[in-house]
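**Q** So you can see what is in the structure, the chains are spelled out below.
Number of protein chains: 4
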Amino acid sequence: MRALLLTARGSQGAALSDVPRPVPAQGQVLVRMLAASVNRVDLYMRDNGAGITHSLPQIMGIDGVGEVAEAPEGSRFTPGDRVILYPYEFCGKCRYCLEGDQPLCTSAKIFGEHRDGTIADYIAVPETALLPISDSVDVEAAATIGVAYLTAWRMVFGKVPLAPGATVLVQGAGGGVSYAAAQLARVAGARVILTTTGAAKLVHFRDQGFEVIDYADGPSSKSVLALTGGEGVDLVVDNVGAATWDQSLRSLRRGGAIVTCGATTGSAPSADLQRMFIRQLSVHGSTMGSVGEFRQLIATFESGAIRPPIDSVYPLERAAEALDRLSAPDRLGKVVIQIA
Amino acid sequence: MRALLLTARGSQGAALSDVPRPVPAQGQVLVRMLAASVNRVDLYMRDNGAGITHSLPQIMGIDGVGEVAEAPEGSRFTPGDRVILYPYEFCGKCRYCLEGDQPLCTSAKIFGEHRDGTIADYIAVPETALLPISDSVDVEAAATIGVAYLTAWRMVFGKVPLAPGATVLVQGAGGGVSYAAAQLARVAGARVILTTTGAAKLVHFRDQGFEVIDYADGPSSKSVLALTGGEGVDLVVDNVGAATWDQSLRSLRRGGAIVTCGATTGSAPSADLQRMFIRQLSVHGSTMGSVGEFRQLIATFESGAIRPPIDSVYPLERAAEALDRLSAPDRLGKVVIQIA
Amino acid sequence: MRALLLTARGSQGAALSDVPRPVPAQGQVLVRMLAASVNRVDLYMRDNGAGITHSLPQIMGIDGVGEVAEAPEGSRFTPGDRVILYPYEFCGKCRYCLEGDQPLCTSAKIFGEHRDGTIADYIAVPETALLPISDSVDVEAAATIGVAYLTAWRMVFGKVPLAPGATVLVQGAGGGVSYAAAQLARVAGARVILTTTGAAKLVHFRDQGFEVIDYADGPSSKSVLALTGGEGVDLVVDNVGAATWDQSLRSLRRGGAIVTCGATTGSAPSADLQRMFIRQLSVHGSTMGSVGEFRQLIATFESGAIRPPIDSVYPLERAAEALDRLSAPDRLGKVVIQIA
Amino acid sequence: MRALLLTARGSQGAALSDVPRPVPAQGQVLVRMLAASVNRVDLYMRDNGAGITHSLPQIMGIDGVGEVAEAPEGSRFTPGDRVILYPYEFCGKCRYCLEGDQPLCTSAKIFGEHRDGTIADYIAVPETALLPISDSVDVEAAATIGVAYLTAWRMVFGKVPLAPGATVLVQGAGGGVSYAAAQLARVAGARVILTTTGAAKLVHFRDQGFEVIDYADGPSSKSVLALTGGEGVDLVVDNVGAATWDQSLRSLRRGGAIVTCGATTGSAPSADLQRMFIRQLSVHGSTMGSVGEFRQLIATFESGAIRPPIDSVYPLERAAEALDRLSAPDRLGKVVIQIA
Ligand SMILES: [Zn+2]
Ligand SMILES: [Zn+2]
Ligand SMILES: [Zn+2]
Ligand SMILES: [Zn+2]
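From first to last, the protein sequence lines are chains U, Y, H and A.
Under UniProt numbering, the first sequence has 84 at position 84, and the numbering climbs by one with no breaks.
Under UniProt numbering, the second sequence has 47 at position 47, and the numbering climbs by one with no breaks.
Under UniProt numbering, the third sequence has 83 at position 83, and the numbering climbs by one with no breaks.
Under UniProt numbering, the fourth sequence has 197 at position 197, and the numbering climbs by one with no breaks.
Hints were generated in silico from the structure; no laboratory data involved.
Be a bit skeptical, because a hint or two may be false.
The list cannot tell twin chains apart, which means a pair is met if one copy fits it or any two copies do.
What the hints assert, rightly or not - The calculated SDA-like cross-link candidates involving lysine to any residue, where the alpha carbons are at most 20 Å apart (straight line), are:
#1 LYS222 to GLY175
#2 LYS222 to PRO22
#3 LYS201 to CYS91
#4 LYS93 to GLY27
#5 LYS159 to GLN338
#6 LYS222 to VAL137
#7 LYS93 to GLY209
#8 LYS159 to GLU140
#9 LYS201 to ASP330
#10 LYS109 to LEU227
#11 LYS93 to SER107
#12 LYS109 to GLU321
#13 LYS201 to GLY174
#14 LYS109 to SER11
#15 LYS93 to GLY292
#16 LYS222 to LEU332
#17 LYS93 to LEU30
#18 LYS222 to ALA69
#19 LYS201 to GLY229
#20 LYS93 to THR106
#21 LYS109 to ARG275
#22 LYS109 to GLY92
#23 LYS222 to SER134
This one's a predicted model, so the numbers in the text were calculated from it and none came from an experiment.
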């Protein structure tokens, strides 16, 4: 079968290859992939991989949508069922799995990172890594939600309660997870303010009705306070890190919270404990989402409430180009790989 | 000044009267009323009043919108400020007030019930019973949210967590609070199924995109289970009481919850404890909402996310007729009184 | 091996028998049992079994402690490990298992009810039904916590938050789960009031420092209100049902909660919706506890904070007598079966 | 009347003085003080005061216990009532007060900091700053709970749920708030590990049955991980700041939380975002506690569950010495001022 295989580090390391179709182990389901999407972490594994322990070669791809090709006896699934992949194989036996917090599994295997991934004609996975998804949804859009939207879901809904009327600030909304967070917060009735820069992005987000701050114009917290009558926001989604951290802290109302799942500009800003305790702020690190959260996200997606922005769709043959597209400065939205 | 004065029980007991303008006590704010709305409880007080301890005569009206006419020194308010009334005078000193749960105040005075109300040219109230509201909102729509939407808010958001993708069943959605609950659940991204009957209401709710069950067609729980793949819903809003209670319990998924703020068809259905513990269901009584919840509701209303259905608008001169309109079988939506 | 085998309904239906040692299926662990305890539900299955679908013969026993005899490759367990049994085989794949709420598993098999149980020399179970427990704990005491204390744990900690200083009322504290609930609430710093009757029990609980109401003296809610300055309690644990329900509702403070996991005196008291919504009460059905809750309970038990009351200990040879002891009127505490 | 008056900055700035007895403003209660305690923040105001805006002279003292001398008409209090002071005058009108979160009040006046304090024969305060306390409690012990224990209460119970069996690490347990946090966590059934140093403190805490780490022995996180089987703790209480922050982060289990209300060794450690999001940690700033939390604390104190450690008791005449005692290296426990 065809697969996007990573054989070496570097921009030439990933290429479409012909590999044997996987044979499902006991209890596994064989899925024929229909579409996948690429995520920034794929680029990181291709080009750098520091701190990542997997051995090469490996099939890339974390998320995607497919159709059941073979299911073991006693499975909830039947050949032909449309399914979406939860991005991990989790153990199901550790403390965190048994508490329903699969992102904390002590022996999780992320697809495309710790084991073969989704950008291939077939993948064999444990039944618990599959959720049903309606035949009527757009397959390419669905292929984008398993990482970006699931991660955003936990950030927006999983750490502090969010009711309609709350105000959420999303830093650097052009990133995939941040964009998803802005959309999800709005689906839940929140007021969403976001920061970005560059004419195209500013226009794009304003056209969608968001309140947009151009961070090139100066300290964003001043603008945030101006927009909120001096009060500050309830929640900041900050995946930017050191470059925005201080502004994020200053944008919060008393008792407000920051959630972070990444720190692309640096991981070591000052914790500013004094501000945190005087104003009773909280900071929440977040990674991916649980199977339960994924189920809720899928229901929300099936309802039509969120439409993931799609930058471009590549056929599987051009999957390596799709990876390159991720770093194009004018990219806005997810890059999808059409497989079948 | 003019006021809708209740002087005796019965359908002739309430009439427009000329009464002295209230003189604000120390710390009170004088508000010039712009609009009010009538609620089912007004009708109850006019016609029955059993179990209600207030003395007559009394100015009617629980909710409304006005403009500050006089404010005491040191107040947060200035003459001319647009304000909305929280439906109570609460004590601010009891355990529940100090915990921010004003609906449990041990000595609350509801406007129009325990003290003079809002259907008048002026009202004098403690500053804590007023919240600012934007000049740009529609005054008549705003006058409808203080009771129906605030009560619905706590039912939908205040008892169990509600994230997008959750499924909510609203029993008897034609009632004011139930209608508001259906709208609010949708604003938060939930899937809303509702029960009602009568051609006009069925059409009305279907036109708005709700999933509608005609309860005249048979046990609604069967339809609910069919619509949810046999799973049942996460939350039921049931203000109907004995007539629907068993169906509400049977419509819940394992671990689901019912919220109730009223029981017009009877208060004593079986608690069905066995079903409750086997399926780990919960039942939550709810009344009104807190000031904090009202602040969130106002922000949501100001955002344009909810549009209260308005059946009719009466000038203050015809306020008594407005009360009568409440019991018209073809009424759908709130009855508003325009004051200034 | 020896086992307490249920072959027919009725008081003579259960007897010590010689049966083949179970052969662990793929992934299962073989456990050599050290001790088990009997629960009221065992008696129900022996004598009645209405509504229970299991086929006979079956080995009885829901909870217990043992030692790993054989473990499959890759298991977290090694022969010789001391383990305690979680009272179910759960599927690990349904929505509720994946959310960490195993008591709601749609295909759970309770030991001794849906599959062979713990009162035997050996049992073969999936690895996920075992938790490690310290070698230093008393085996007989440990054998009593898997059902009674786990069920009580969720009732006391799993439904509404409980901080020190809260007040908890336990109805009919002589029952195993209720007794456990009283102990657990006290471990968490709560003030515990309980109702019981009969000289021996009244003395027993007073000796332990509980505030005790003799319900033979009249309506217990009057006593509860007297003890709480007219306020009422935060939480009622009521497994009695119809006979106490109204008193339980009347014993709650505004905003208080009842938790129930059983209704031995009847399942259909009035839901009293009016009281529930005016005072914002809540009712929570509860069954067993999750694996995560069991882990916390085990840590608490290992700390020495709870000492389960033990009525009597029978050797496995006399297991049938142990069952009979359950219905002795003078029993107070758990009945344990020593196996090895 | 007598009062500890701060007239100038520096160690000589506070002295017992004769000042006029306060005259209660409208709605205020006059309290005859019985005992007060001193807190580190008193020392800070006497010696430094940077960033504190109050004008001098001012009566010192944040917390204390007294007896109602005069109460206004309609008050819940009667002369002779024993009362404890909540450490603030809060406005009762701002968003946070109305939500029951008085520590976030936008115009709070802390006793002894923004207005006259408790170390005096009399104080006049709003009724909402007083809570009843039983006549039977030890007055000197009660005088120590208003700041240290209330602050600790919110840290331990107010930010993340704490059930029995949880594991809590308290950094630098010799400090007043940290010591209180260790006691409160234990009252709630948690396992408490603490760090301190110096022979006297090590012995003192071990004698009380705590698990104690001497931080002079090396990185405390290594010891914490060793004590928890490599897992880490659920909650860290860290009021030390920069000196311990990294160790605190490394002592947490996946999904664990740090709570901080102070940073005596520095406020700007690295936020270590990468560790936070990979392991899903959270950090919570905390300050004081709400009136609702104080009510719960008082109930817990009245139950006898907590015994504040008292270092020494000074008569009011020697109040200035009591302040000096705060900085004695061998002090362990609270310093109390006996007033009447
Ligand atoms: Zn796992
Ligand atoms: Zn009150
Ligand atoms: Zn299951
Ligand atoms: Zn305030």
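**Q** Against each hint, give a clear statement of whether it holds in the structure.
**A** Do the hints match the structure? See the list:
1. LYS222 to GLY175: neither (22 Å within a copy, 37 Å between copies)
2. LYS222 to PRO22: Classified as neither; 55 Å inside a copy, 43 Å across copies.
3. LYS201 to CYS91: Result: close neither inside a copy nor across copies, 41 Å intra and 44 Å inter.
4. LYS93 to GLY27: both (16 Å within a copy, 12 Å between copies)
5. LYS159 to GLN338: Classified as neither: same-chain Cα gap 34 Å, cross-chain 44 Å, threshold 20 Å.
6. LYS222 to VAL137: neither (41 Å within a copy, 27 Å between copies)
7. LYS93 to GLY209: neither (45 Å within a copy, 34 Å between copies)
8. LYS159 to GLU140: neither (29 Å within a copy, 37 Å between copies)
9. LYS201 to ASP330: For LYS201 and ASP330, the Cα distance is within 20 Å only inside one copy (9 Å; across copies 50 Å).
10. LYS109 to LEU227: Neither way: LYS109 and LEU227 sit 43 Å apart in one copy and 28 Å across, limit 20 Å.
11. LYS93 to SER107: both (9 Å within a copy, 18 Å between copies)
12. LYS109 to GLU321: neither (26 Å within a copy, 51 Å between copies)
13. LYS201 to GLY174: within (7 Å within a copy, 44 Å between copies)
14. LYS109 to SER11: neither (24 Å within a copy, 52 Å between copies)
15. LYS93 to GLY292: both (16 Å within a copy, 11 Å between copies)
16. LYS222 to LEU332: Cα proximity of LYS222 and LEU332: none, with 27 Å in one copy and 45 Å across.
17. LYS93 to LEU30: Close across copies (17 Å), not inside one copy (23 Å); limit 20 Å.
18. LYS222 to ALA69: neither (55 Å within a copy, 34 Å between copies)
19. LYS201 to GLY229: Cα proximity of LYS201 and GLY229: none, with 26 Å in one copy and 41 Å across.
20. LYS93 to THR106: Classified as both; 9 Å inside a copy, 18 Å across copies.
21. LYS109 to ARG275: Intra 38 Å, inter 19 Å, cutoff 20 Å: inter-copy only.
22. LYS109 to GLY92: Answer is both; intra-copy 12 Å and inter-copy 18 Å each pass.
23. LYS222 to SER134: neither (44 Å within a copy, 22 Å between copies)
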